[in-house]
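Visitor: Sequence:
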Amino acid sequence: MTITNLWDGGETITGSYDPETGIVTVASDQTVWNSEEYGACNAYEANDEDNMTFQFTSLGGSLVSCDYYVSCSLGEFGCYKTVMTHK
Numbered sequence: 008m009t010i011t012n013l014w015d016g017g018e019t020i021t022g023s024y025d026p027e028t029g030i031v032t033v034a035s036d037q038t039v040w041n042s043e044e045y046g047a048c049n050a051y052e053a054n055d056e057d058n059m060t061f062q063f064t065s066l067g068g069s070l071v072s073c074d075y076y077v078s079c080s081l082g083e084f085g086c087y088k089t090v091m092t093h094k
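Heads up, the sequence shown is in my numbering, so the first residue is 8 and it goes up one at a time.
Hints were generated in silico from the structure; no laboratory data involved. Glycine included, every Cβ here is placed at the ideal spot set by N, Cα and C. A hint or two may mislead.
[What the hints assert, rightly or not] Simulated restraints on C-beta separations:
no. : residue 1 : residue 2 : range
1   : Asn12     : Ser35     : 17 to 23 Å
2   : Asn58     : Glu83     : 14 to 20 Å
3   : Gly46     : Thr9      : 21 to 27 Å
4   : Leu81     : Thr32     : 25 to 31 Å
Construct the complete structure from the given sequences, taking the supplied hints into account.
Guide: If you want it as structure tokens, here you go:
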């Protein structure tokens, strides 16, 4: 399973999807954004876990993330939650 263009960065990250629970699991330390100003920006789960988790609220509904942060060459961008819709 892939997620492409998170935060309009044009990058693709990989993960796994469990259709029974609606949970998407994405390994931390994948590049989610790359820019001339900030360099490569990697996402990490905020609670020092190995993976970030996202869960669909209902079939075809929103995908809501746990807290995570983004680290770039210029520093960290703090904690985020991401909401996506399933196409």
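Visitor: Work down the list of hints and note, for each, if the structure agrees.
Guide: These are the hints, each one checked on the structure:
no., hint, result
1, Asn12 - Ser35: 17 to 23 Å, "19 Å, holds"
2, Asn58 - Glu83: 14 to 20 Å, "19 Å, holds"
3, Gly46 - Thr9: 21 to 27 Å, "22 Å, holds"
4, Leu81 - Thr32: 25 to 31 Å, "28 Å, holds"
Violated hints are absent here; each numbered hint is respected by the structure.
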